[in-house]
Amino acid sequence: MSDAAVTSAKTSDAPQTRVQIALRKPGFLIGAVIIGCSALLALFPGLFSPYDPNFIDYLAVRQPPSWAHPFGTDMLGRDALSRVIHAYTVNMQMAILATVFALTIGVTVGALVGYYRGVADMIFGRVVDAVITFPFLVLVIAVVAVLGPGLINMYIAITLVGWVYYARLMRAEVIAQMGNDYASAGIVMGYSDRRIIFRHLLPNAITPVIVYWMTDMALAILLGSSLGYLGLGAQPPQAEWGVLIAEGRNFITTAWWLSLMPGIAIVITGLGFSLIGDGLADLLRPRG
Amino acid sequence: MTQTVMKIDDLHLSFPVSRSLLDVVQRKPGKSVNALNGVSLELKQGETLGVVGESGCGKSTLARCIVRLYAPTSGQIHFEDENIFGAAARKDRSYNRRVQMMFQDPYSSLNPRMSTGDILAEALRVHQMRPESEIAARVAELLELVRLPQDAADKLPHEFSGGQRQRIAIARALAVEPEVLIADELVSALDVSVQAQVVNLLLELQDRLNLTILFVAHDLRLVRHVSNRVAVIYLGRIVEIGDSETLFSAPSHPYSQALLSAAPSLDPDDKGAAIQLEGELPSPLNVPSGCPFHVRCRHVTAQCRTVVPVLRVLEGRGEVACHLAEEVNQHA
Chain A
1 MSDAAVTSAK
11 TSDAPQTRVQ
21 IALRKPGFLI
31 GAVIIGCSAL
41 LALFPGLFSP
51 YDPNFIDYLA
61 VRQPPSWAHP
71 FGTDMLGRDA
81 LSRVIHAYTV
91 NMQMAILATV
101 FALTIGVTVG
111 ALVGYYRGVA
121 DMIFGRVVDA
131 VITFPFLVLV
141 IAVVAVLGPG
151 LINMYIAITL
161 VGWVYYARLM
171 RAEVIAQMGN
181 DYASAGIVMG
191 YSDRRIIFRH
201 LLPNAITPVI
211 VYWMTDMALA
221 ILLGSSLGYL
231 GLGAQPPQAE
241 WGVLIAEGRN
251 FITTAWWLSL
261 MPGIAIVITG
271 LGFSLIGDGL
281 ADLLRPRG
Chain B
1 MTQTVMKIDD
11 LHLSFPVSRS
21 LLDVVQRKPG
31 KSVNALNGVS
41 LELKQGETLG
51 VVGESGCGKS
61 TLARCIVRLY
71 APTSGQIHFE
81 DENIFGAAAR
91 KDRSYNRRVQ
101 MMFQDPYSSL
111 NPRMSTGDIL
121 AEALRVHQMR
131 PESEIAARVA
141 ELLELVRLPQ
151 DAADKLPHEF
161 SGGQRQRIAI
171 ARALAVEPEV
181 LIADELVSAL
191 DVSVQAQVVN
201 LLLELQDRLN
211 LTILFVAHDL
221 RLVRHVSNRV
231 AVIYLGRIVE
241 IGDSETLFSA
251 PSHPYSQALL
261 SAAPSLDPDD
271 KGAAIQLEGE
281 LPSPLNVPSG
291 CPFHVRCRHV
301 TAQCRTVVPV
311 LRVLEGRGEV
321 ACHLAEEVNQ
331 HA
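Chains A and B, in that order, give the protein sequences.
Counting from 1, position 257 in the first sequence corresponds to residue 257 in my numbering; the numbering is continuous, with no gaps.
Counting from 1, position 189 in the second sequence corresponds to residue 189 in my numbering; the numbering is continuous, with no gaps.
If you're looking for bench data, these hints aren't it; they were derived computationally from the structure.
None of the values given here were measured: they were computed from a predicted structure.
Just so it is clear, CB atoms sit at the ideal spot from N, CA and C, and this is done for glycine as well.
Among these hints, one or two may not hold up.
[Said to hold, decoys possible] DEER-style ranges, computed between Cβ atoms:
hint, chain 1, residue 1, chain 2, residue 2, range
1, A, M122, B, N286, 40 to 50 Å
2, B, E177, A, L284, 50 to 60 Å
3, B, A87, A, T104, 32 to 42 Å
[Claimed, not checked] Rough simulated footprint, nothing fancy, chain B against chain A, three-plus residues with beta-carbon under 8 Å:
hint, segment
4, 174–183
5, 197–209
[Claimed, not checked] Partial pick of chain A residues on the chain B-facing surface, computed with a CB cut under 7 Å:
hint, residue
6, F55
7, L59
8, M189
9, G190
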């Protein structure tokens, strides 16, 4: 092997070894497998579900789990397994859509107020205080109540409340990073504020935000299905875990599997995101 | 007579201390930390001006003011006859190019997520020092200038030692081809053996590139080694400024005398008739009236307690801010 090949192999090795180190942690590996499988189920539910989730069969209502229907059937004779699998699409979409806008807005606002401080920062502080005083769910329900139930409105409501938590975290990290001389060096160099904030401070400040994001995705699924359960999020006959649990609620003593199975799906997916978040904290930490 | 590149005129800087609710209720006046209390200084083309003083005297604050990291409360800095805090000058990035700074802590002064090559290339690109096609070659040239191996360009800061990082910081500052370098405690975080390497490199580059350097440090022997002129700062004021050799061999201000006698000597016959200073550096929250040094000075008189001494030329010495400079130096 030539010298050049050796060095290029070395440089491409470095990030790989980091991933390898992370994968050696069983928690991160399990999390990655769970989320990988969940993503597959969400993207191609038709490949994995044995029946049409909306096929109604009045001759087979509320059947207990069997080989033909592993999760049983619901009050309309729909296959419960197929409905749980099809719900992956909506619930995984929640994990992303309910967090990604909050993340983007929060990171931008947090970085800007952290960098410029001043009056904007003081106003921001009051906004944070006001939002954090209320329990998250109560505030989201209030917004949904104003906008009306439905998935889109639910995403808007969660974003309106959720960005504050990202912004608060980002602001604190940016302020901490500003204490480093590389930020001062950027100013002395005459770099634009935009360059200093987004090229220098942001990549160094974002790690805790990413880790929080993973946890928040788990919380978003939980929140989304809570709202679905309350009838404020996804609407039946849409297959969504919260909706499924709510549908099974009336039969909890006779057909317990209807509520239990989607509940287990929520727990497993939430666990997957949390484990990944934990692993990412190690993976993204800068060295040296 | 060499040309003056930078003129600092009566620079004051105070930071307000946040008041507690109780202070506001009791109507106590707001306090402020007076970091600089009227610093006037001229920086001449091609010289190295050392700035010394004990911790908390305002050395670093002065350095940071010069590169516009802090805006002074009052006073002016002129760079080639232009006020650098003027509205037009603030927008002008060429000042940032022409006056560069190197920082004390090599572990925080480099972005940990950017490779050396990226750090240098960014400076070159932003200031359009070279066309895009020549940037890689210029990065290689800069690395050679500060004697770093060529493969350093692909490495991240954590892969380097403190001395190497400080050389990267020097390369970054030199990338934009500045005329003035502000070195804020450039080597105080390094081992003594590495200090010598970095300082000698800096002096060699100064010679080659005709740089003007403001060298802020608390290591007196180091400052003597590198500087042509030295300014002694006490509580945000220059108490003595003059030719380096004269000042070190015969300090004129009582504070300079005490400061220099506190430095360990290599002369075995020097049993150290060290001048013991009484008390501590007064808090910059509450600067003494008159001469700021009067509370610790052996020669204090009534005049010292009320009248602020100004810098004046002392025959055969530099400039001293002391009412009793003549008498003090007769006895010495």
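Consistency of the hints with the structure:
Distance hint for M122/A and N286/B: a CB-CB separation of about 29 Å, inconsistent with the stated range 40 to 50 Å. At about 36 Å, the CB distance of E177/B to L284/A disagrees with the hint of 50 to 60 Å. Under the hint 32 to 42 Å, the C-beta atoms of A87/B and T104/A, about 35 Å apart, fit the expected range. Figure legend: the segment 174–183 of chain A, annotated as covered by chain B; annotation consistent (4 residues with Cβ-Cβ distances under 8 Å, at least 3 required).
Counting residues of the segment 197–209 of chain A whose C-beta lies closer than 8 Å to any C-beta of chain B gives 4; at least three are required, and the coverage claim holds. Using the Cβ-Cβ criterion of 7 Å, the hint placing F55/A at the interface with chain B is not satisfied: the shortest such distance is roughly 53 Å. Among the interface hints, the one on L59/A is violated; its C-beta lies about 63 Å from the nearest C-beta in chain B, farther than the 7 Å criterion. Checking M189/A against chain B by beta carbon gives a least distance of about 6 Å; that is within 7 Å, so the hint holds.
With 7 Å as the threshold, the beta carbon of G190/A comes within range of chain B, its nearest partner Cβ sitting at about 3 Å, so the hint holds.
In this structure, the hints that do not hold are numbers 1, 2, 6, 7, in rising order.
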